[in-house]
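Asker: Listed here are the chains, written in short residue letters.
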Amino acid sequence: MGVQAKLKEKKKEQGIHIDMTPMVDLGFLLITFFILTTTMNQPNTIDMKLPAKPDQPTEQPEIDLSNSISVLLGKDNRIYYHQFDESGLTDPSKLQETTFDTEGIERVIDQAKARAKKPDIFTVIIKPTEDSNYENFVNILDEMEITKTDHYGITDVKPWEQKIYEAKVGESGGENVNSNEN
Amino acid sequence: MPRVKPKRHNVIVDMTPFVDVAFLILTFFILTAQFRSSDLEDIVTPKSISSLTLEETDMMTVNITEDGRYSFSPIESSSGKKQLLEKMAKKYNISFTEGEINSFVVSPTVPVPMSQLKSFLHVPKDEQANVKTDGIPLDEDHQEVMDWIKYSLEVNPSARLSIKGDAKAQYPKFQELFEQLRNISFYKFNLITTAK
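So the sequence lines, in the order shown, correspond to chains A and B.
Note that our numbering numbers the first sequence so that position 102 is 102, with each residue one more than the last.
To get our numbering, take the position in the second sequence, counting from 1, and add 1000.
Hints are all accurate, no fakes.
Facing chain B, a subset of chain A residues (Cβ under 10 Å, in silico):
| hint | residue |
| --- | --- |
| 1 | T37 |
| 2 | T45 |
| 3 | E135 |
| 4 | F137 |
| 5 | I146 |
Non-contacting residues of chain A with respect to chain B, defined by C-beta distances greater than 12 Å in every case (computed):
| hint | residue |
| --- | --- |
| 6 | S87 |
| 7 | K94 |
| 8 | A116 |
| 9 | T123 |
Honestly, the hints are just simulated from the structure, not real lab data.
Cβ coordinates follow ideal geometry from the N, Cα and C atoms, glycine included.
Construct the complete structure from the given sequences, taking the supplied hints into account.
Answerer: So this is what it looks like as structure tokens:
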């Protein structure tokens, strides 16, 4: 009797066909997930090189103003630019404001580069103020990449620039509240 | 010509080997997935178009949080970390017990100044994230961050530095770090960003 029952069971078992297709689908889905997460584990990076600290104060070579542009990173994600030196930057109107997107600083740099006497050595001088944050800094480095500017430098804001920048911020800050005081 | 088209045979494919292979490959990838040691602080790095992936070998990291606190992640190497801790201990006249040294080797980040390091190493790993600290000091009077970097370089001359800063951290913190790096003639490093 027991042997017969076993035989019947065996017959019944042969009738069960499990379709493994969904399990294969699941398996490959999980594999793909793990492959992608291990490759995405590595964070992106920007290579950065600081200028060497000169041992003695070196003579600044004569820089034609059209071959460079100074970009100031201000607070609240604002960005300003000018192409003047100390004698040229006389009032806040000479310091112009722009934005971080394609229409803004990218176009400004491209236009300035086109106007330069020697476009190959065109330099962007990045001067982050104390109000700017790290994101502004990384964004401007991105813009260097986008505009394919190889020559750029990061320096401190000069005192004469700081004064004009503060006056400029004061102006735009005032405009937001009521009409300008001039 | 109305010939008999090739008879359609119902193909029954046994999927079992498929599943076996699939799960084998899956197991392989699960085991080789290296999880990045979770940082003690939440740092949201800024987005960048740069698509260069970070090479993790011999990499030490300085982390800067949103409110400007520094912390240091040494190169992941037990012998290297032991030597690094020895050098820092000598400079700051602190002696560490065997247990503390082992705890240091296991911790991925140092978020506290040397004065609090001993007590920090006694905190169990799971609670290390909850330790409230002002970070490692860095200014003209306190050069602790630079000491960590300098001794890491002594232990491993091919050490590389990366800076993991929060997007909203104020620039002067980075300016200070860059100035100090120039002082020790360390000019090349990486900035960690996320893909745009």
